[in-house]
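Chemist: Below, each chain spelled out in residue letters.
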Amino acid sequence: MRLQARALLRTLGPALGLAAAWMLFAVLAGRTFTSWANLQIMLMQTAVVGTAAVGATWILVSGGIDLSVGSTLALGTMVVALLLEAGASPGFAALGGIASAALVGAAIGALVIGELGRVIAAVAALAAFALLGRSHGVAVGLASGAALALVLGWGAPKLLGKLPLSPFIVTLGLWGALRGLAKGLGDNEPIYPSDIGWLRDTMNLAPSGVFSILPPGVCVLIVVSSLAALALKFTVFGRHVLAVGSNEETARLCGVRVERVKLGVYLLGLVCAGIASVLQFSYLSMGDPTTAQGYELKVIAAVVIGGASLSGGQGSVGGALIGALIMTVVDNGCTKVGLDNWVQELATGGIIVAAVALDRVRVRSTT
Amino acid sequence: MRALRKRFGATLALDGVDLEARAGEVLALVGENGAGKSTLMKVLAGALAPDSGEMTLDGEPYAPATPLDARRRGVAMIHQELALAPHLSVAENVMLGGEPRRGLRVDWSALRSRTHDALAQLGRADLDVRRRVDELSAADRQLVEIARAVAFEARVVVLDEPTSSLGREDVAHLFRLVERLRSRGAAVVYISHVLEEVFALAQRFVVLRDGRSVACGACADSSPQQLIAAMVGRELEVRAKRAPTRAGEVVVSLERVAGARLPLDASLEVRRGEVVGVAGLVGAGRTELLRALMGLEPVRSGALKLLALSGPRTPHERWRQGVGMLSEDRKREGLALGLSVADNLCLPRLSAFARGGWLGRRDVESSAKRWIDALRIKCPGPRQSVGALSGGNQQKVALARLLEADVDVLLLDEPTRGVDVGAKAEIHALIDAFARGGERQRAVIVVSSYLPELFGMCDSIAVMERGRLHAARAVHELDEHAVVAQATGGAA
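Those protein sequence lines, which keep their order, are chains C and X. Numbering follows my numbering, in which position 104 of the first sequence is assigned residue number 104; successive positions increment by one, without gaps. Quick note: to get my numbering, add 367 to the position in the second sequence (first position is 1).
This list has only true hints and no planted wrong ones.
With a Cα cut of at most 30 Å, we get these calculated DSSO-like pairs of lysine-lysine:
{"#": "1", "chain 1": "X", "residue 1": "Lys745", "chain 2": "C", "residue 2": "Lys233"}
{"#": "2", "chain 1": "X", "residue 1": "Lys745", "chain 2": "X", "residue 2": "Lys791"}
{"#": "3", "chain 1": "C", "residue 1": "Lys162", "chain 2": "X", "residue 2": "Lys698"}
{"#": "4", "chain 1": "X", "residue 1": "Lys736", "chain 2": "X", "residue 2": "Lys791"}
{"#": "5", "chain 1": "X", "residue 1": "Lys409", "chain 2": "X", "residue 2": "Lys791"}
{"#": "6", "chain 1": "X", "residue 1": "Lys698", "chain 2": "X", "residue 2": "Lys791"}
{"#": "7", "chain 1": "X", "residue 1": "Lys698", "chain 2": "X", "residue 2": "Lys745"}
{"#": "8", "chain 1": "X", "residue 1": "Lys672", "chain 2": "C", "residue 2": "Lys162"}
{"#": "9", "chain 1": "C", "residue 1": "Lys233", "chain 2": "X", "residue 2": "Lys736"}
{"#": "10", "chain 1": "X", "residue 1": "Lys736", "chain 2": "X", "residue 2": "Lys698"}
{"#": "11", "chain 1": "X", "residue 1": "Lys698", "chain 2": "C", "residue 2": "Lys233"}
{"#": "12", "chain 1": "X", "residue 1": "Lys698", "chain 2": "X", "residue 2": "Lys409"}
{"#": "13", "chain 1": "X", "residue 1": "Lys672", "chain 2": "C", "residue 2": "Lys158"}
What the hints contain is simulated information worked out from the structure, not anything from laboratory work.
Chain C on its own, in the form it takes in the complex (with noise of 0.2 Å):
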């Protein structure tokens, strides 16, 4: 009996946080902060940080830790914008943006995995490719690239064997190199493409239809956490995941394969954050190597208000859009009463450390 208290605490607790701090705000300021309107704009501007926080239930509940999807967002926004100013079509830019996560995810997974020498290799061959391909044609960069990807394939990984890293550093590594190579793209400057397509109207509401109710940024964030939500509860792979994070030794020993499934959730996990780049980059209509300086941190405080573990094998997709929506209601709410930017940053402040606190009682409580 107490338990189950204890479970439902674990799932309402977030939520009581949200409802109380949204109806605190709704004393305060009033009409302005409760209306329609406003709950609108706090959704669109939960779209980013929620649909990055999503993949970051995943890596968090496996164990793993991201603290490069800032600096991934700002990539992302520059490759989006170089693909339109390149004459692609908006679809197939936000296709780049959300591949150029990925491949991010594809690298953090294979040096958390011990996979350093074949990391080495890709990129050597990927900045061969890119450089040669600038300077001596595309056949040159293709050939060159291929050759070094076979030559540093084969070698690097003999010549290193496994080395795991921790994913706390790895991730501390990407999170300034790749906010070097996002200002890198664009030499220093934002991009501002012509034309972005229906890009625009991603984070802006319709006139009419479905998309007037909702942005269409806020149901690429709810279609994406509720196939997250299912996947996490309802696939082999989630759970196998949930098992890596709760006890990798008792993962292996039943024959679960813990270096596959790593390298699946940081590329689950950042392909979400390709998606919040393209939602972001549709929000600044424009790609900017500057942008989501600290979101990495918000997202990590979002999943671990709505209960995740620091340590894995606990944490809910749910949990996390409602961890960030209390960041949101907080920022919007500070912004209606009309207090000054640093409350607003003392109570979130003041809000991850409580989470994190009941986190403790809560590992307490259970061993």
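Given chain C, put chain X in place with the hints provided.
Modeler: Positioned in the frame of chain C, the structure of chain X alone reads:
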């Protein structure tokens, strides 16, 4: 020490231990796994308080509240797993917790010179005290620990199975160090179950069994056979031996298999319908043997064949092939304590419940429910988290996992560890029935430190002695004395 008692829950770990260590003498403390040696030493070192009994040191009452307290009184422990800070230097490790100071600063020169003195007393003035401990050999690390005892002028030095991590030549070196400690006038308590060490080093011995000191005397007047008899000594329970079965085809065959570190050399054949026990001391390489078979640890050399497949495989392939393993360490490896009973139980075969990657959660839970009923696992339901169950019920969940996956070869490591008597009997019956099978016989390899268990449930027993697996012999050809003698290297 006199009449010491220590109770943990329902088990009496120490039940009246008398022990006397004299200055300038090595006292050997011997006993089987679980006899109470480690508990006794924890009491001596102040890590545990006895429930009753008294201890005196140099005629004064001795009741250390903390390990630090014990060290101040001159009692030093040298643990089985070395207690060193690998990133610090030799000198810092030797003086750890008692660094000489000048004001707030560490007095580095005194630190080094005192360490050097301690090492010199042990005849190793050549060791550079500024070297990092993780650069040292296993033997030199042990030297650092012993130097710590010397530096703090310990009058009682306890060594807990100090040779378990050492090679043969390092053992000789350790013996010289212990000899020096003794000649300096320290009382040395040497815990070991390798009898040849005991007779090479100690003047007197105390045998511990089931938490009691059952025998003591001078080594010079005793034989290894007498010690073995005292160690085993329990009234041999009249236990139904396993009814013989008609064994089927060979499904496990090992030929001179060596692992990364352990085992060194293992050959074994197991047939369907057979239960083969692996006896031996803790650290002899029994767990490593099972882990290597399961693919959790690499195989360095030798030929192994499980069912139809030869050569090493990954755990994933082993399960698919029909090989399952039960871990000895439920908490660390055996179970994901935060997950539900159903998730733990069905983990190896989860894809069998899925269509296109999507699980039928209801199928998973009803399957778990079936095993909960069949094994009488006491829990509210399949969604209950495993961490909330009792030890016996947790073990049943871990075992049910193998049954659920319907494997042909079961590798069981301490299947009844931490399980109460009733559940033990149930688990034994379950394993026996599973090996017999209805339409299909299965093979079982079981590692246990509790000999009566092995004698009760196995057809044959092989003894692992320091990484080497002796040939398996039928249970009726063996008795406990023979097994202990083989395991301790005291066999004729």
